[in-house]
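Asks: Spelled out, the chains give:
Number of protein chains: 6
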Amino acid sequence: MATAPVPADPEADPRVKAVFDDIRRTRRTDFVNNLWRALAFDPTLLERTWADVKALMASPTQIDPLTKEMVYIAVSIANACGYCVHSHTAAARAKGMTDAQHAELLALVALAARTNHLATGLQVPLDPAFDTAQGQR
Amino acid sequence: MATAPVPADPEADPRVKAVFDDIRRTRRTDFVNNLWRALAFDPTLLERTWADVKALMASPTQIDPLTKEMVYIAVSIANACGYCVHSHTAAARAKGMTDAQHAELLALVALAARTNHLATGLQVPLDPAFDTAQGQR
Amino acid sequence: MATAPVPADPEADPRVKAVFDDIRRTRRTDFVNNLWRALAFDPTLLERTWADVKALMASPTQIDPLTKEMVYIAVSIANACGYCVHSHTAAARAKGMTDAQHAELLALVALAARTNHLATGLQVPLDPAFDTAQGQR
Amino acid sequence: MATAPVPADPEADPRVKAVFDDIRRTRRTDFVNNLWRALAFDPTLLERTWADVKALMASPTQIDPLTKEMVYIAVSIANACGYCVHSHTAAARAKGMTDAQHAELLALVALAARTNHLATGLQVPLDPAFDTAQGQR
Amino acid sequence: MATAPVPADPEADPRVKAVFDDIRRTRRTDFVNNLWRALAFDPTLLERTWADVKALMASPTQIDPLTKEMVYIAVSIANACGYCVHSHTAAARAKGMTDAQHAELLALVALAARTNHLATGLQVPLDPAFDTAQGQR
Amino acid sequence: MATAPVPADPEADPRVKAVFDDIRRTRRTDFVNNLWRALAFDPTLLERTWADVKALMASPTQIDPLTKEMVYIAVSIANACGYCVHSHTAAARAKGMTDAQHAELLALVALAARTNHLATGLQVPLDPAFDTAQGQR
Chain L
-19 MATAPVPADP EADPRVKAVF DDIRRTRRTD FVNNLWRALA FDPTLLERTW ADVKALMASP
41 TQIDPLTKEM VYIAVSIANA CGYCVHSHTA AARAKGMTDA QHAELLALVA LAARTNHLAT
101 GLQVPLDPAF DTAQGQR
Chain E
-19 MATAPVPADP EADPRVKAVF DDIRRTRRTD FVNNLWRALA FDPTLLERTW ADVKALMASP
41 TQIDPLTKEM VYIAVSIANA CGYCVHSHTA AARAKGMTDA QHAELLALVA LAARTNHLAT
101 GLQVPLDPAF DTAQGQR
Chain P
-19 MATAPVPADP EADPRVKAVF DDIRRTRRTD FVNNLWRALA FDPTLLERTW ADVKALMASP
41 TQIDPLTKEM VYIAVSIANA CGYCVHSHTA AARAKGMTDA QHAELLALVA LAARTNHLAT
101 GLQVPLDPAF DTAQGQR
Chain S
-19 MATAPVPADP EADPRVKAVF DDIRRTRRTD FVNNLWRALA FDPTLLERTW ADVKALMASP
41 TQIDPLTKEM VYIAVSIANA CGYCVHSHTA AARAKGMTDA QHAELLALVA LAARTNHLAT
101 GLQVPLDPAF DTAQGQR
Chain Y
-19 MATAPVPADP EADPRVKAVF DDIRRTRRTD FVNNLWRALA FDPTLLERTW ADVKALMASP
41 TQIDPLTKEM VYIAVSIANA CGYCVHSHTA AARAKGMTDA QHAELLALVA LAARTNHLAT
101 GLQVPLDPAF DTAQGQR
Chain Z
-19 MATAPVPADP EADPRVKAVF DDIRRTRRTD FVNNLWRALA FDPTLLERTW ADVKALMASP
41 TQIDPLTKEM VYIAVSIANA CGYCVHSHTA AARAKGMTDA QHAELLALVA LAARTNHLAT
101 GLQVPLDPAF DTAQGQR
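Protein chains in written order, with the numbering used here: chain L, -19 to 117; chain E, -19 to 117; chain P, -19 to 117; chain S, -19 to 117; chain Y, -19 to 117; chain Z, -19 to 117.
Looking at chain L on its own, in the form it has when it is part of the complex (with noise of 0.2 Å):
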């Protein structure tokens, strides 16, 4: 499926291809998934969106990176996103992630929908003590 052309070489265009290289040179690995292929009909959206996840998930920052993929994998399953659900995990896994840590992950991803879905049919109001306004520094 896709709702957009994928060019049958997409790597024709310089742009695509200088993209696509910093890829591969930045994860260490020949493959380029789909989600790249799929932003390879429009080169500015593709480097955008390339220079945004390699900044955040490919650099070291504040949070480790298997967190980071946790946290991706967790939003991810709550947009209901397939594509990067499987994307996600698969990363996570080459992070390190054990079986044990998936299960409780998804356990967790679990547990708070649960309670989301709680506080929201029962419109709990907000404890003062959790409101960040309330102590300005």
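You can take every hint at face value.
Identical copies go unnamed one by one, so any copy, or any two together, can satisfy a pair.
Derived lysine to any residue pairs resembling SDA-like cross-links, with alpha carbons at most 20 Å apart:
1) Lys75 <-> Asp44
2) Lys75 <-> Val33
3) Lys75 <-> Ala109
4) Lys75 <-> Pro(-15)
5) Lys34 <-> Ala80
6) Lys34 <-> Ala83
7) Lys75 <-> Leu46
8) Lys(-3) <-> Ala83
9) Lys75 <-> Val12
Note that these hints are calculated values from the structure, not bench results.
Keeping the supplied structure of chain L fixed, place chains E, P, S, Y and Z upon it in accordance with the hints.
Replies: Same frame as chain L, but now just chains E, P, S, Y and Z:
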């Protein structure tokens, strides 16, 4: 706001009191936040919800406590549960989340939402390499 | 809060007055809740929305009235519409929903959210037995 | 996949045939897409759905046809409805959406998702200036 | 598709076998659907999920079995969980849901989504009459 | 409400001041709305978010300014972001959206939500004609 009656003195019910006491003991605080007060209208619902939250969030597990709170925040944002975003952000801060980590978590959730919407908008087909069912053990 | 102008005297417009009168007559109450007042800024939108709500919610159909309100609450929770959760919980109570049924409904919605997130997180393949297209009539 | 029985010859039912004929006539094509075939298991549901789609999408209104399809795509992406994303992207292309406009639409939907998640994550309070109820007419 | 390894012979694990046997006994069928097979990669997650589904869905409670399945379908649609929509529609049919009831359920879920989006789009303020916290007991 | 500390004088930080000044210059107004004030707790997050919003929303692109605001509103409604619905509805009005266009936009978003839920509820299979991957260029 609330959709269920919040009893004036919820702890008059011994089952509710037992849960509130366990929340206070487990979290080492006298504060019982509004979600639990709202759930007190049905002691069974209160007991079951707390049992699962305690098992996963207040016990040592495979994933460290701060990461668990970050995943919880991420799911709550994607499910648009304002109460949950507030309460778990407060919990994450209590467990040591810095402003810089909080900012990065939000940037990460926002990045995931962005690529979720791109992948769903493009209806990207799954790469066989991401399908665990391909390489069964 | 509001994003559209709410007329001070919406019933000055005869089309709005006709809908409000029908709401009062159908529901046997003088109370016209804020959703309808908010929709009054465009009589066509008001008329069409009320016509469909009336046809499905205020007329005898295949599904009994309380079940319909419970389904409505469930969808509203999952779509994170606070106003709708409030208004349909009030409507369900007016149609006889007890505290125990309300608690069970919330437990059920939360359970569904939990398995929804598990199934999406696992990307479970469809069992052929569940596919109606398999056994066409 | 399907959850309702798809009749082998849906147009054997005269009500279904009338709707299908109107779809063909309105859209000037012989092609009736699967959503309508799936809805054919209940002629009333089919008739009501088509009546509203026709009124808003296939008639001249305040918003031009291509903008309407773009809004439709945006909502379908955010609601994670793959079928709808596909069918309305095809419709938008048929109405003249270029590759560049498609790419920008996706970038825009992704940007909105990103700031939606930031605003929800930060629980930003409403600016009084944005509240239409403040300055009633 | 799948994101976790599905064991070739899941019942070789006695904890998994115990759950599968209970599923077969409770549902009076030999069929164990894919969600449970997917969860088998972690026996704890499998056991806890089945325990709660059994308690709420396979036992007599305040809400009748068919209504429970309908609510489950409604939440699954709003959360865009295709697998769940399929499996619970099959379950609802097995519990007696007719084509006419199915069509009405879908119309109802669609109506709720429509007014959810209208109320969210208008940011309708809550009517004090709907706030249970106003009139505490 | 807020989950991150809002500095009393955010513009004491020169990076924040630079962004706020650019917002004022770009939008030709002294008003800096709360989203930007909330993001000021992390200058990097503030800078990156504004850079992308400016590039897409405050510059001439393929899609006209009012259409962009309408798409933004649509996504914000479907993602249940109340703040975003409010702020982008105000922006759309400032760019000329009439009451009639606003009403039609809401009707359109509600119609899309309705057919989204129907298509997801029916699990409609994709028509090959809608799959761009079929007819590659």
